[in-house]
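> Line order of the protein sequences matches chains S and R. Reminder that position 87 of the first sequence reads as 87 in this note's numbering, one-by-one numbering, no gaps. Reminder that position 88 of the second sequence reads as 88 in this note's numbering, one-by-one numbering, no gaps.
It cannot be assumed that every hint is accurate.
Copies of one chain are not kept apart here, so a pair can be met inside one copy or by any two copies together.
Heads up, simulated DSS-like pairs for lysine-lysine below, C-alpha to C-alpha not over 27 Å straight-line [said to hold, decoys possible]: (1) K62 / K187; (2) K119 / K186; (3) K62 / K157; (4) K186 / K62; (5) K187 / K10; (6) K168 / K34; (7) K16 / K119; (8) K119 / K101; (9) K101 / K185; (10) K34 / K119; (11) K186 / K116.
Bear in mind the hints are in silico, worked out from the structure with no lab data behind them. Just so you know, these numbers come straight off a predicted model, no measurement behind them.
Number of protein chains: 2
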Amino acid sequence: MELIFKNIGKYISLEKSEADLLLSLFQIITVLKKELIINQGRNCDMLFFVESGSFRAYHLNKDGKESTIMFAPEDWWVTDMNAFLNGTPSLLSLEALEESKIYGISRKNFDLVVDKIPKLERFFRILFQRAYIREQLRVMDTISLTTEERYLNFLHKYPNLVQKVTQKQIASYLGVTPEFLSSLKKK
Amino acid sequence: MELIFKNIGKYISLEKSEADLLLSLFQIITVLKKELIINQGRNCDMLFFVESGSFRAYHLNKDGKESTIMFAPEDWWVTDMNAFLNGTPSLLSLEALEESKIYGISRKNFDLVVDKIPKLERFFRILFQRAYIREQLRVMDTISLTTEERYLNFLHKYPNLVQKVTQKQIASYLGVTPEFLSSLKKK
DNA sequence: AGATATGCTTAATATATCTTAAGTTTTCTT
DNA sequence: AAGAAAACTTAAGATATATTAAGCATATCT
Chain S
1 MELIFKNIGK YISLEKSEAD LLLSLFQIIT VLKKELIINQ GRNCDMLFFV
51 ESGSFRAYHL NKDGKESTIM FAPEDWWVTD MNAFLNGTPS LLSLEALEES
101 KIYGISRKNF DLVVDKIPKL ERFFRILFQR AYIREQLRVM DTISLTTEER
151 YLNFLHKYPN LVQKVTQKQI ASYLGVTPEF LSSLKKK
Chain R
1 MELIFKNIGK YISLEKSEAD LLLSLFQIIT VLKKELIINQ GRNCDMLFFV
51 ESGSFRAYHL NKDGKESTIM FAPEDWWVTD MNAFLNGTPS LLSLEALEES
101 KIYGISRKNF DLVVDKIPKL ERFFRILFQR AYIREQLRVM DTISLTTEER
151 YLNFLHKYPN LVQKVTQKQI ASYLGVTPEF LSSLKKK
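Whole structure, please, built from the sequences with the hints as guidance.
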């Protein structure tokens, strides 16, 4: 069975007919390493599920400094939620860390499916509730822990990603320079 | 009309009977300045809406350092969402910045109401989606902006709170010491 | 009103982190 | 396989932020 249905099955159980409708509204996309599926500054009207592979979301600020905002490993839902919900230009770029297979649903079909299938409305309510919690815990970590503690947290939280990302990307996720992270690791 | 219904009315419209059911499941609570409605380490099984007044959520780390995680002004929904959803001990304390009037709903009644009234499931889906966006933007700010820029953002984002909170609390929201914030302001 | 606690500011010194630059290793491209 | 590009490390000097401590102002308590 596809991972996406296992994922949805964690919080709700769909009838066969509902699952079929849902599936018909997704498109399956294969992307190569380094391909972008969201481009900062452009529109973003797709919500994605990572069936296999992994992604990194980053933001370039006005000085050209790159910040890694999040990672999306296998089994995650991901998009630039701000752009997706509000129709504003994307603040993020989303880049494949490796060859990946994803499911994508447009904003229009997302609205349709949560309207037609109340159980999916529930599913996404729980999903966003958990996403909110996750981000809030990250804010807490960011303002109350040392860089070293946050680095150890990262290693613990994303053990499978560690081999797929560069030091530079980890540093930009932690909000420090690669040089500083390098000197931290020496200890 | 009570603010809470105006707030809900932003995203859905309730029938009279639904509004009556909803209202019957909330309790109205009046709290005095400095009272805590959530205590770090204890259970937190209530979701609150701030009808009037304002709150500050903070976390004490193992060294006793206090970090302000969020502010909840009038017209906001607030709780320790992690504790509320997962039943784990609260990581936050939530303190009234002034005399406040709030609506509170228990986890049990929350589950009941999103089950009985699908429109409220939608309401909370949208609410959490927006909360997730807000936290993600804050993470972006925190790792990509300077302290000075984040201070100016705070003043801009919460103009009405500025008079109600101390410098120390703003500093702990930004993740810097009060002394450093004080020297920033001199410029 | 007086006493006490709390908050704000300032300054000196200490620590964390950045910037720049160079050298080395790894990965990508042809 | 060779060359080019990107990543990683190291170190010196610069900047941002923390720590400590003192003094003053403001709020709180009796």
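> Confirm or reject each hint.
Now for the hints, and whether the structure bears them out:
1. Only between protomers do K62 and K187 lie at most 27 Å apart by alpha-carbon distance; the minimum there is 23 Å, versus 33 Å within a single protomer.
2. When the C-alpha separation of K119 and K186 is checked against a cutoff of 27 Å, the pair qualifies neither within a copy, at 50 Å, nor between copies, at 54 Å.
3. With identical chains, the CA atoms of K62 and K157 are at most 27 Å apart between copies only, with a shortest distance of 21 Å across copies and 30 Å within one.
4. Proximity of K186 to K62 under the C-alpha cut-off of 27 Å is restricted to the inter-copy arrangement: shortest distance 26 Å between copies versus 32 Å within a copy.
5. In this assembly of identical chains, the alpha carbons of K187 and K10 never lie at most 27 Å apart, being 41 Å within a copy and 53 Å across copies at closest.
6. Taking the closest pair of Cα atoms, K168 and K34 come within 27 Å of each other only inside a single copy of the chain (15 Å); across copies the shortest separation is 44 Å, beyond that limit.
7. In this assembly of identical chains, K16 and K119 lie within 27 Å of each other by CA distance both inside one copy and across copies; the values are 13 Å within and 24 Å between.
8. Only within a single protomer do K119 and K101 lie at most 27 Å apart by alpha-carbon distance; the minimum there is 25 Å, versus 34 Å between protomers.
9. Proximity of K101 to K185 under the C-alpha cut-off of 27 Å is found in neither arrangement, the shortest distances being 33 Å within a copy and 50 Å between copies.
10. In this homomeric assembly, K34 and K119 never come within 27 Å of each other (Cα to Cα): the closest approach is 35 Å inside a single copy and 41 Å across copies.
11. Taking the shortest Cα distances, K186 and K116 never come within 27 Å of each other, neither inside one copy (55 Å) nor across copies (57 Å).
When the structure is compared with the earlier hints, violations turn up for hints 2, 5, 9, 10 and 11 and for no others.
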